[in-house]
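J.: Chain by chain, the residues run as shown.
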Amino acid sequence: GQNIDQPTEMTATEGAIVQINCTYQTSGFNGLFWYQQHAGEAPTFLSYNVLDGLEEKGRFSSFLSRSKGYSYLLLKELQMKDSASYLCAVGGYQKVTFGTGTKLQVIP
Amino acid sequence: GAVVSQHPSRVICKSGTSVKIECRSLDFQATTMFWYRQFPKQSLMLMATSNEGSKATYEQGVEKDKFLINHASLTLSTLTVTSAHPEDSSFYICSALGAIRTPYEQYFGPGTRLTVT
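Residue numbers (our numbering), protein chains in the order written: chain A, 1008 to 1115; chain B, 968 to 1084.
There is no bait here: all hints are sound.
When the alpha-carbon atoms are kept at most 30 Å apart in a straight line, the in silico BS3-like pairs for lysine-lysine are as follows:
#	chain 1	residue 1	chain 2	residue 2
1	B	Lys987	A	Lys1102
2	B	Lys1008	A	Lys1102
3	B	Lys1008	A	Lys1088
4	A	Lys1102	B	Lys1031
5	A	Lys1110	B	Lys1008
The following residues of chain B were derived to be distant from chain A, with all beta-carbon distances above 12 Å:
#	residue
6	Val978
7	Gly983
8	Glu989
9	Phe995
10	Lys1022
11	Leu1041
12	Leu1043
13	Ser1056
14	Val1083
Derived contacts from chain A toward chain B, CB cut-off under 7 Å, selection only:
#	residue
15	Ala1049
16	Pro1050
17	Phe1105
18	Gly1108
Calculated directly from the structure, the hints in this document are not laboratory data. Beta carbons: idealized from backbone N, C-alpha and C, even for Gly.
For reference, chain B alone in the conformation it holds in the complex (with noise of 0.2 Å):
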């Protein structure tokens, strides 16, 4: 129990176009989702928090505009990197919140990374 998927895995994409990743719950429902950016040799950077139903809260110095997040369900989450530029490459991690065996245990999904040319 308690997977997190995420999808792509892998991108490529030109600098300029926009890319959307998803973030998915598969045997539990999230009423949280966390983003998180890992740039190399770096620690996790929350960028948002996502609550399904409402607004993402994003962390000082993430724009949101550029960094669109849609928590439609409970169980997915996606964050669409609008006008990417090489500056944005970097490992995208998703998790999820829910009372599996406790409320605070975030499940990770396997990340995606994006390499902008």
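Just chain A, same shape as in the assembly (with noise of 0.2 Å):
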């Protein structure tokens, strides 16, 4: 089964960094997925990382650990659009299954 843990919630302050963490455990691994979701929207996405390291895309940047089971997803120059629902997934072709989602308020 999978077993994903991210925090509940976050607050950053605008043109801040944040970094939200996402631990995993699975039967199986094939990529790790970041996704934002804005409230009463469906999540559009924003990352995919397979290999260790760090995937810089933007303002967004994703890190992955494999062998920790561990993820992140930074945000740099936060805007006020950037409060949402960050959503960590695991799974590749054919099945995501999702984390809870952090739920992220950039204050000014």
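Make the complex out of the two chains shown on their own, each in a separate frame, by following the hints.
T.: Shown next as structure tokens:
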């Protein structure tokens, strides 16, 4: 089975950097996704890590350590519009299991 | 590219009736579609995986006779909630898998909010 843990809520200041952690225990692993979801909307894809290391994409970066079952999403230069839930998900082709999500609130 | 639509976006129905939700991939062919359910302040829970032309694969605890899934073409999957009850009220989201940029990236529809009174 899959067990995915994320903090429930986080608060950060506009312009700052925030790191959202995710730990997972899985019976099989293909890769790790991060999605952003605004309230009442569908998730949007942010990143997918298959190999260990850091992948940077603009203001967002995602890190994966497969040996530790650990990932984080790093958001730089926070903007008010970044207030959303961030979902860590494990899987790959055919099936993805989502964590409970981290609700990020960006304050002025 | 890679747009997925859902219809309706919101639906209110009476207890005991059935509701059909459509999920369409508008500009690509989706070999696989997924149906998720999301309760307030919770994450997405996978209900079933739907492959075109074959029976859907349901997750443990999801009643296949209550949640009927039909994936009749490479661009359309439907979810029918039969004999709906208030506890079925939820946000239902579909996603489609298609080899657009990568074979693993799911494209999500905008979701359907179902309220059963």
